[in-house]
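Spelled out, the chains give:
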Amino acid sequence: MSAITRDEVAHLARLSRLALGEDELQRLAAQLDQIISAVARVQEVAAEEIPPTSHALPLTNVYRPDEVRPSLSPGQALAGAPAAEEQRFRVPRILDEEA
Amino acid sequence: MNELVGKGAAELGALMAAGEASAVEVAQAHLDRVAAVDGEIGAFLHVDPETVLAQARAVDERRAAGDELGPLAGVPVAHKDVFTTRDMPTTAGSKILEGWRPPYDATVTARLRAAGLVILGKTNMDEFAMGSSTENSAYHVTRNPWDTARVPGGSSGGSSAAVAAFEAPLATGTDTGGSIRQPAAVTGIVGAKPTYGGSSRYGLIAFASSLDTPGPFARNVLDAALLQEAFSGHDPMDSTSVDRPVPPVVEAARRADVAGLTVGVVKEFAGDGYQPGVSARFAEAVALLESLGAKVVEVSCPHFTYAMPAYYLIAPSEASSNLARFDAMRFGLRVGDDGSRSAEEVMALTRAQGFGPEVKRRIMLGTYALSSGYYDAYYGKAQQVRTLIARDFEAAFERVDVLVSPTTPTTAFPIGERADDPMAMYLADLCTIPSNLQGNAAISVPCGLADEDGLPVGLQIMAPALGDDRVYRVGAAVEKALEDRWGGPLLAKAPELAEAAK
Chain A
0 MSAITRDEVA
10 HLARLSRLAL
20 GEDELQRLAA
30 QLDQIISAVA
40 RVQEVAAEEI
50 PPTSHALPLT
60 NVYRPDEVRP
70 SLSPGQALAG
80 APAAEEQRFR
90 VPRILDEEA
Chain B
0 MNELVGKGAA
10 ELGALMAAGE
20 ASAVEVAQAH
30 LDRVAAVDGE
40 IGAFLHVDPE
50 TVLAQARAVD
60 ERRAAGDELG
70 PLAGVPVAHK
80 DVFTTRDMPT
90 TAGSKILEGW
100 RPPYDATVTA
110 RLRAAGLVIL
120 GKTNMDEFAM
130 GSSTENSAYH
140 VTRNPWDTAR
150 VPGGSSGGSS
160 AAVAAFEAPL
170 ATGTDTGGSI
180 RQPAAVTGIV
190 GAKPTYGGSS
200 RYGLIAFASS
210 LDTPGPFARN
220 VLDAALLQEA
230 FSGHDPMDST
240 SVDRPVPPVV
250 EAARRADVAG
260 LTVGVVKEFA
270 GDGYQPGVSA
280 RFAEAVALLE
290 SLGAKVVEVS
300 CPHFTYAMPA
310 YYLIAPSEAS
320 SNLARFDAMR
330 FGLRVGDDGS
340 RSAEEVMALT
350 RAQGFGPEVK
360 RRIMLGTYAL
370 SSGYYDAYYG
380 KAQQVRTLIA
390 RDFEAAFERV
400 DVLVSPTTPT
410 TAFPIGERAD
420 DPMAMYLADL
430 CTIPSNLQGN
440 AAISVPCGLA
450 DEDGLPVGLQ
460 IMAPALGDDR
470 VYRVGAAVEK
480 ALEDRWGGPL
490 LAKAPELAEA
500 AK
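Each protein sequence line maps, in turn, to chains A and B. Last residue of the first sequence: number 98 in numbering that gives the first Met the number 0, and the count goes up by one each step with no gaps. Last residue of the second sequence: number 501 in numbering that gives the first Met the number 0, and the count goes up by one each step with no gaps.
Think of the hints as simulated: they come from the structure by calculation, not from any bench. These numbers were taken from a predicted model, which means no experiment stands behind them. Even for Gly, the Cβ is constructed at its ideal location relative to N, Cα and C. Please note: incorrect hints may appear among the correct ones.
Not everything, but these chain B residues come out facing chain A in the computed CB check (under 7 Å) [said to hold, decoys possible]:
1. TYR195
2. ASP237
3. SER238
4. SER341
5. VAL345
6. ILE362
7. MET363
8. GLN383
9. VAL384
10. PRO413
11. ILE414
12. ARG417
The calculated EDC-like cross-link candidates involving lysine to aspartate or glutamate, where the alpha carbons are at most 20 Å apart (straight line), are [claimed, not checked]:
13. B/LYS359 <-> A/GLU47
14. B/LYS359 <-> A/GLU84
15. B/LYS359 <-> A/GLU48
16. B/LYS94 <-> A/GLU23
17. B/LYS479 <-> B/GLU283
18. B/LYS359 <-> A/ASP32
19. B/LYS359 <-> A/GLU21
Make a model of the complete structure from these sequences and hints.
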């Protein structure tokens, strides 16, 4: 029995913003199926009354003083950009054709 | 091999302080060693001799000017390519960041510089620190100096190989599920995972933020303690940084005794799946601890066997969120921006081309575990298991001062053996993951060679959060006793690498 189908993997790829080919989808479906069956063991022990732990340290609301500090210049911030124009990041169009 | 290259970090620091060697001489000796052996080992992704020598000259000038310098001033360090460096490319082993020059230094980088350490270069790693063999690097494989047909562990395998091959006396790494301790174990060196929050994550390219911990590699316990001390401590730039004094790890490494300590042997980390040579060396190390005066008891941590499945839900979930920043807009690779495609299409094409297979697997797995309808059954349950594991540790540390286990179930495996089998690869971190889930301190120290293959075995020592000094104290005691027995360090038994002619 398969826990995860090729179509489900295609949906996950869309959510993950990964343009995967048919080969990759097939391969990942098999691998994710195997991994998910193995990690599903967590369901054996975790009873409802156990609180979840999200972090090693129970810290909340860590603040630093609200002070102006030096930061990157526009040149430094744009130095690694794939494309820049007029001191801004140049990006592909945001909306789809039909929008 | 130049004699400076054979020396440890503390020893080199003392030589330079005494004026018997300059930082430039020490740096040049290590650059020569890298040039001679790294063609075969492949520990480094980037080494620029000019940048290295400029750092070394600056240390010599500061010393000549009478500046007060720390114990590691002028000592070379190999720096994992997951830490940002202003003067060197930073890729995290990924094509999506090929050639990226960060505009800022990580806190760990800045502290290495402030301590006068000379950054020798950036070391190879599994892409985004996801892996246990360094085979997931998008650039090249790294070979284990003990047997070049085998992996050096991972994800910090470039760092472990560099130190074991005498290319550097020290290296940095990051440990999310064992990525320092496991490579240290399989290359016969020392590697420590500090308490979570004890070392800063600022400028560390994130994999799983609730687990990622920078830590040291060295050829002996004292050197590892000196490096950990140099880059640790509170950092206001990291909101999960612990605002407490750094545990006295150097003093503990010098103390090197186990008098009055109770050592717990984790019952669950033995039996099926453990290589006989690993089990044999581990049993001897436990007997050794007893002979040195420790009280040894067996401790059951029943939920530790669920740590691996919980980790492979929690870490990919956090990764799928963290890696969303690689969107082809502000830095890194951009593919297919031909004017006809939308930002979303460019993003998906870039990520498909820029990420390797393991990174894609983990992003997909994390997306699955976090998606509505599955969240409670997977991510939610894994977080509850995390609580149960923390409780196992708390109960154990009420009875014992430290817990011990083998660091890894097997010695270094052959390159290629597990590359196409993700589940087999994940087993390498079986014993190291619990400490990451609780966020406590742990170390791996060499404890001998497995009879069946002659490869190094690591002993893992775990202590409560902020008990880093305890793991160094016990680790140093084991090291001292074993080196007395062996007549020198374990690494002296490694085959000598052929040096390529200049």
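Could you tell me which of the numbered hints above are not met by this structure, giving the numbers in increasing order? Violated: hints 2, 10, 11, 12, 13, 14, 15.
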